[in-house]
Each structure stands twice: as C-alpha cells, then as structure tokens.
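**Q** Residue numbers (our numbering), protein chains in the order written: chain A, 1 to 270; chain B, 1 to 259.
To be clear, the hints were calculated from the coordinates, so they are not data collected in a lab. No residue lacks a Cβ here, since even glycine has one placed at the ideal position from N, Cα and C. There may be inaccurate statements among the hints.
Cut-off 30 Å, straight-line C-alpha distance, at most; resulting in silico cross-link-like pairs (DSSO-like, lysine-lysine) [what the hints assert, rightly or not]:
#, chain 1, residue 1, chain 2, residue 2
1, A, Lys196, A, Lys137
2, A, Lys249, B, Lys173
3, B, Lys86, B, Lys33
4, B, Lys145, A, Lys147
5, B, Lys145, A, Lys160
6, A, Lys147, B, Lys227
7, A, Lys183, B, Lys173
8, A, Lys183, B, Lys227
9, B, Lys145, A, Lys183
10, B, Lys50, A, Lys137
11, B, Lys150, A, Lys137
12, B, Lys61, B, Lys150
13, A, Lys137, B, Lys173
14, A, Lys183, A, Lys160
15, A, Lys183, B, Lys33
16, A, Lys137, B, Lys227
17, B, Lys224, A, Lys137
18, A, Lys147, B, Lys235
19, B, Lys152, A, Lys183
20, B, Lys50, B, Lys86
21, A, Lys147, B, Lys152
22, B, Lys182, B, Lys86
23, B, Lys224, B, Lys235
24, B, Lys86, B, Lys150
25, B, Lys62, A, Lys147
26, B, Lys235, A, Lys183
27, A, Lys160, B, Lys173
28, B, Lys152, B, Lys62
29, A, Lys196, A, Lys249
30, B, Lys33, B, Lys8
31, B, Lys145, A, Lys137
Footprint (simulated), chain B over chain A, 3 or more residues, beta carbon under 8 Å [stated by the list, open to error]:
#, segment
32, 137-147
33, 155-169
Each pair of labels, with its calculated beta carbon distance range [claimed, not checked]:
#, chain 1, residue 1, chain 2, residue 2, range
34, A, Glu144, B, Glu64, 39 to 45 Å
35, B, Thr172, A, Asp74, 37 to 43 Å
36, A, Lys196, B, Arg89, 38 to 44 Å
37, A, Glu243, B, Glu84, 36 to 42 Å
38, B, Asn237, A, Ser108, 50 to 56 Å
39, B, Asp70, A, Gly28, 31 to 37 Å
40, B, Arg89, A, Thr115, 21 to 27 Å
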Amino acid sequence: MDAWGKRLAGVRGVLLDISGVLMDSGDGGGVPIAGSVEAVARLKQSRLKVRFCTNESQKSRGKLVGLLRQLGFDVSEGEVTAPAPAACQILKERGLRPHLLVHDGVRSEFDQVDTSNPNCVLIADAGDGFSYRNVNKAFQVLMELEKPVLISLGSGRYFKETSGLMLDVGAYMKALEYACGIKAEVVGKPSPEFFKSALQELGVQANQAIMIGDDIVGDVGGAQRCGMRALQVRTGKFRPSDERHPEVKADGYVDNLAEAVDLLLQHADK
Amino acid sequence: MAARRALKAVLVDLNGTLHIEDAAVPGAQEALKRLRGTSVLVRFVTNTTKESKQDLLERLKKLEFDISEDEIFTSLTAARNLVEQKQVRPMLLVDDRALPDFKGIQTSDPNAVVIGLAPEHFHYQILNQAFRLLLDGAPLIAIHKARYYKRKDGLALGPGPFVTALEYATDTKATVVGKPEKTFFLEALRGTGCEPEEAIMIGDDCRDDVGGAQTVGMLGILVKTGKYRAADEEKINPPPYLTCESFPHAVEHILQHLL
C-alpha cells in the first residue's frame, strides 16, 4: 500500500507497548506473540531508535524484563518506561505517603517509599488483590483525608491474558472516583507526562516517533494527543470494533508487530 | 393544578416513613388503617438490595402493620420484572437474603448481570466474569447506584462504585431500576389501573421518593422522619407538593384535602 510511505515518513524512533504486542501474559508467566521476538530484534538492528513503554503494574520492572528475556526478547531494564518508577518519583517530589493497593509482584518497587500514616492512595493492577475488603480499605483511607489524592498507575479498561480479557486498574480507579467524588491522577499511558518522559528517553521529537500498541485509547489515542503517530496491532486486547472507535483513529492497523516492523523498515526514516 | 384527577393510589415508602429500623413511627399503624378505610389503593415501595419481600413483611407484621406481600413493590421486584421482560438469564450479584425474590428465574448459562449490594460477590474473579458477559453484549441491570453506606465499623462501598467500574470497562450504561428512576414508579403502579396523575407518594427522601415521583406526574409528600434533614425540601425544584411532620400528618392531609 503506497499510503504507508506517507504515513510513516520521517519516523526515527519507535515506542513499543509490551503486553498484547510482544507477549500475552497469563499463568506461569506468558507466551510471546508469534513473530514478535524476531520483530524486536530486526527493529533493534535497524537505524530506528527503540524503547519500551508499558503500563504493566502487576510486576516490577526487573521481573517484567526477566520474563521478556526468558521468552527470547532482547531487552534491558534501562530500555523500559514503566509507571511504578515514575510514580515513586512523583511521591518523593510531593512528599506523599501512599496507602498501596497493588499486586505483591510490584511491591518491591515501593521499598524505599514511606507508607506510614498515609496521605494518599496509590492503586495499580492488583488482580486478585482487588477484593471488596482491599478496595473498601482504600476507600476508607481516601474518605479520612481532607484532600483525597488518588494516584492510579494507568487507567486501562481491560487487558488480555491467555485465559481471556481481564479487568484492568482503570475500572477500580473509576469505582473509587465515583465513591469519593474525586478525580484520580493517572501515572502511565495515556497521560501526556508519561509519554513525554518516554520520548525524552527515546531521544526523538514527538513528530518523529511512533507508538505501537494494542489499546486504541491508552496507546493510540494517548500517543496521538502528544503529537506522535500510532499504530494499533490486531493482537492482545484488540477487538474488531476498535477500528470503528468513535473518537480515536490510528494512523494504521496492522495484524501484529511483525507486520508493523516490516512496514517501518520499508518506509520509515525516508 | 388543572391536570390533576381524583386521587386513586397512595405509594408509601417503608424505612424512614412507616418505621425507623425496628420501631414504628408513632401513630403510623392507626393512620394506615384510616387510609385503608377510604377508596384509595395503597402500595408500599422501597429501595432494598438485600431484604426480600418476605423479610420486609415479617418486620412490618412484627410492628403490627396490616400489609400483604402483593402490596409491596421493591427495587428487587423491579429488577425481576425487567429480567422477565427481557427474557434473560441473569448472573445475580445480590445478597443471598435477596435470592427468594428471584425464585424461579433461570440463572444457568447467564446472559445478563443483575447487581445489588453484595460485598461477598464483589471480588476480582466474580466481577471479571460479569465483565466478560457484558463484553459479549449482556445487559447490566443495577438495583441502585448508591456510593456508600454506613456500617457499624465505618463507611463501606455500596453497589454504585462497582456498577461504575463495569460501565467504564465495557463502555456501556447500566439500567438502574430503583427509586428515583421513572420506570420504578410506573412499574409500581402497573396493574393498579391508576395513572401517575391519580397517585401520590409519601417518603422521607426528598430526591429519591418525592423528586422521583413528581417527575412522572405524581404528587409527592416529604415527611420529616427517617433520613430527613433540615432544608431537604429545598433540594428539588419544583419543591415537594407538601412537607409535613410524619406519616400520620400526611394521611390527615390526604383525608382532608385530596379525597
């Protein structure tokens, strides 16, 4: 398709979503999406700059990278922009002591954070940790605060596991917002600050960067609002109705990361 | 009010209006008797998510109110009616005590979700099941959307936050069946042969009882018992048709002026 040449012209850097693009997570870790291991390798051999930009908040960045390497991906911790480290930075800057509603797998990211006498609530994808009791505890902490602050690592609606689609942290963020009559602060995609810090680490301007993700709102819409281009892959949480989304239109839809990389290597940076 | 017609039906809220928890409002039993001595039809309407009609009835009998089961219309009844009307098989996220009100409804292989106040069901795996049903197009029916309620150990999340979570995740809207929804009041009158313009609602919740009823064309009387707080009557526009001390005063007004 000729149109791709136009759509991808001038791209110098690529931000890759992880879950649903590189792999589908599930019991026992996860499985790579067909062709993605090779696609990442080809991308890294090219002249394009590559960085990983994830909303993964169930695992620490170290565990996530360990899993990816185990699945055969060439990736290191320094190449990954993830919400938990970004949140720790914000907590420190603002003197916030969070009550944590998070998965045990990510707790180690907060080892250096003061969680005594909490003055905010931080929620992440807690999975089974989203029990009534735990969500209610977070609610009670918020209601005790004079100025309730709720920080959410991402605002995703759902994500894909090998067993099917799963409720993501965004649903619980909305529950707490509704219960307390407040607005959460999102750290992670689609927050512009998060994309901007990933771009800075990638080292290219927004108009020279492209995001590849499976989330039409969080990945595609968020990146576009920052002036980037964005492709949606038809893997992970992708649903056919995404291509008719009322508000967000991707710069292109591709079957998987392998196809996206084919197109990029053919057309980008020209 | 030119469009008003002769009064034929009186809808009465339960908790906060006829009784407060386990105590009757003084004089309420006698007032109800006097109301029954007239030609009007009486219905009892309430938002409940965990008490079945049978539970409500037992409490009312204990307080010596003369009420029969078929006169009670609750948000659970409204949910059941909607399930029957849509001919769906619901996944019931309701308190076990509410289950008798869904007796006979098929719930295997569900293709709908009914959600009430059921903390014991509001954990991740169950909500995820509901989420997947909704993504497949199942309708979401909410008994009500209260944000939180008061428990002995402090504030606790109501069904509203969990309904909101599912709405957000699936980009759908729940059908809410309890007060103050219009359909609740219309359903309560169904089978009585009365139009909303021939009915009056008595309750202690200005928005949910009085405002809701007045929106469908009924008159609304706000009583200053139960959850009533000073100046509640200023919360809605148009204001309540009448604000008075308690249920017996409301009945007195009806007998004097509306019949």
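**Q** Each hint needs a verdict: does it hold in this structure or not?
**A** Hints, one by one, checked against the model:
In summary, the hint linking Lys196/A to Lys137/A is not supported, as the alpha carbons are separated by about 33 Å, beyond the 30 Å threshold. Restraint check for Lys249/A and Lys173/B: the C-alpha separation of about 23 Å stays at or below 30 Å, so the hint holds. With a C-alpha separation of about 38 Å, the suggested pairing of Lys86/B with Lys33/B is violated against the 30 Å cut-off. For a cut-off of 30 Å, the pair hint linking Lys145/B to Lys147/A stands: about 24 Å separates their Cα positions.
With a CA separation close to 28 Å, the supplied pair Lys145/B and Lys160/A stays within the 30 Å bound. Between Lys147/A and Lys227/B the CA atoms are separated by roughly 27 Å; this keeps the pair inside 30 Å, and the hint holds. Among the hinted pairs, Lys183/A with Lys173/B is consistent with the structure: their alpha-carbon atoms are about 20 Å apart, no more than 30 Å. Taking the CA atoms of Lys183/A and Lys227/B, the gap is about 28 Å. The hint holds against a cut of 30 Å.
Straight-line distance between C-alpha atoms of Lys145/B and Lys183/A comes to about 18 Å, which keeps the hinted pair within the 30 Å bound. At most 30 Å may separate the alpha-carbon atoms for a hinted pair to count; Lys50/B and Lys137/A meet this at roughly 22 Å. Taking the CA atoms of Lys150/B and Lys137/A, the gap is about 14 Å. The hint holds against a cut of 30 Å. Only pairs whose Cα atoms come within 30 Å are accepted, and Lys61/B paired with Lys150/B is accepted, the gap being roughly 26 Å.
Among the hinted pairs, Lys137/A with Lys173/B is consistent with the structure: their alpha-carbon atoms are about 27 Å apart, no more than 30 Å. A distance of roughly 26 Å separates the Cα atoms of Lys183/A and Lys160/A; the hinted pair therefore holds under the 30 Å criterion. Taking the CA atoms of Lys183/A and Lys33/B, the gap is near 50 Å; set against the 30 Å cutoff, the hint is violated. As the CA atoms of Lys137/A and Lys227/B are separated by approximately 26 Å, the hinted pair is consistent with the 30 Å bound.
The suggested pairing of Lys224/B with Lys137/A is violated, with an alpha-carbon distance near 34 Å, which exceeds 30 Å. Of the supplied pair hints, the one linking Lys147/A and Lys235/B holds, its CA atoms being roughly 26 Å apart against a limit of 30 Å. Straight-line distance between C-alpha atoms of Lys152/B and Lys183/A comes to about 28 Å, which keeps the hinted pair within the 30 Å bound. Distance hint between Lys50/B and Lys86/B is fulfilled; the C-alpha atoms sit about 23 Å from each other, no more than 30 Å.
For the given pair, Lys147/A sits about 24 Å from Lys152/B by alpha-carbon distance, which is consistent with the 30 Å threshold. Between Lys182/B and Lys86/B the CA atoms are separated by roughly 18 Å; this keeps the pair inside 30 Å, and the hint holds. Using a Cα cut-off of 30 Å, the hinted pair Lys224/B and Lys235/B holds, with the two alpha carbons roughly 14 Å apart. Between the alpha carbons of Lys86/B and Lys150/B the distance comes to roughly 34 Å, so the proposed pair goes past 30 Å and is violated.
For the hint linking Lys62/B to Lys147/A, the alpha-carbon distance of about 45 Å lies beyond 30 Å, and the restraint is violated. For the hint pairing Lys235/B with Lys183/A, the CA-to-CA distance comes to about 25 Å; that is within 30 Å, so the pair holds. At most 30 Å may separate the alpha-carbon atoms for a hinted pair to count; Lys160/A and Lys173/B meet this at roughly 23 Å. Of the supplied pair hints, the one linking Lys152/B and Lys62/B holds, its CA atoms being roughly 24 Å apart against a limit of 30 Å.
At roughly 21 Å between alpha-carbon atoms, Lys196/A and Lys249/A fall within 30 Å of each other, so this suggested pair holds. A distance of roughly 16 Å separates the Cα atoms of Lys33/B and Lys8/B; the hinted pair therefore holds under the 30 Å criterion. Pair hint Lys145/B plus Lys137/A holds up; C-alpha atoms about 20 Å apart against a cutoff of 30 Å. By the rule of at least three residues with a Cβ nearer than 8 Å to a Cβ of chain B, the coverage given for the segment 137-147 of chain A holds, with 3 such residues.
Coverage of the segment 155-169 of chain A by chain B holds in this model, with 7 residues showing a Cβ closer than 8 Å to a Cβ of that chain against a need of three. The hinted range of 39 to 45 Å is satisfied by Glu144/A and Glu64/B, whose Cβ atoms lie roughly 42 Å apart. Checked against the hint of 37 to 43 Å, the C-beta distance between Thr172/B and Asp74/A comes to roughly 41 Å, which is consistent with it. Judged by the Cβ atoms, the range 38 to 44 Å given for Lys196/A and Arg89/B is violated: they are separated by roughly 48 Å.
Our hint of 36 to 42 Å for Glu243/A and Glu84/B holds, since their Cβ atoms are close to 37 Å apart. Take Asn237/B and Ser108/A: their Cβ atoms lie about 55 Å apart, and the range 50 to 56 Å holds. A hinted range of 31 to 37 Å for the beta carbons of Asp70/B and Gly28/A is inconsistent with their spacing of about 56 Å. At about 45 Å, the CB distance of Arg89/B to Thr115/A disagrees with the hint of 21 to 27 Å.
Consistency with the previously given hints fails for numbers 1, 3, 15, 17, 24, 25, 36, 39 and 40, ordered from lowest to highest.
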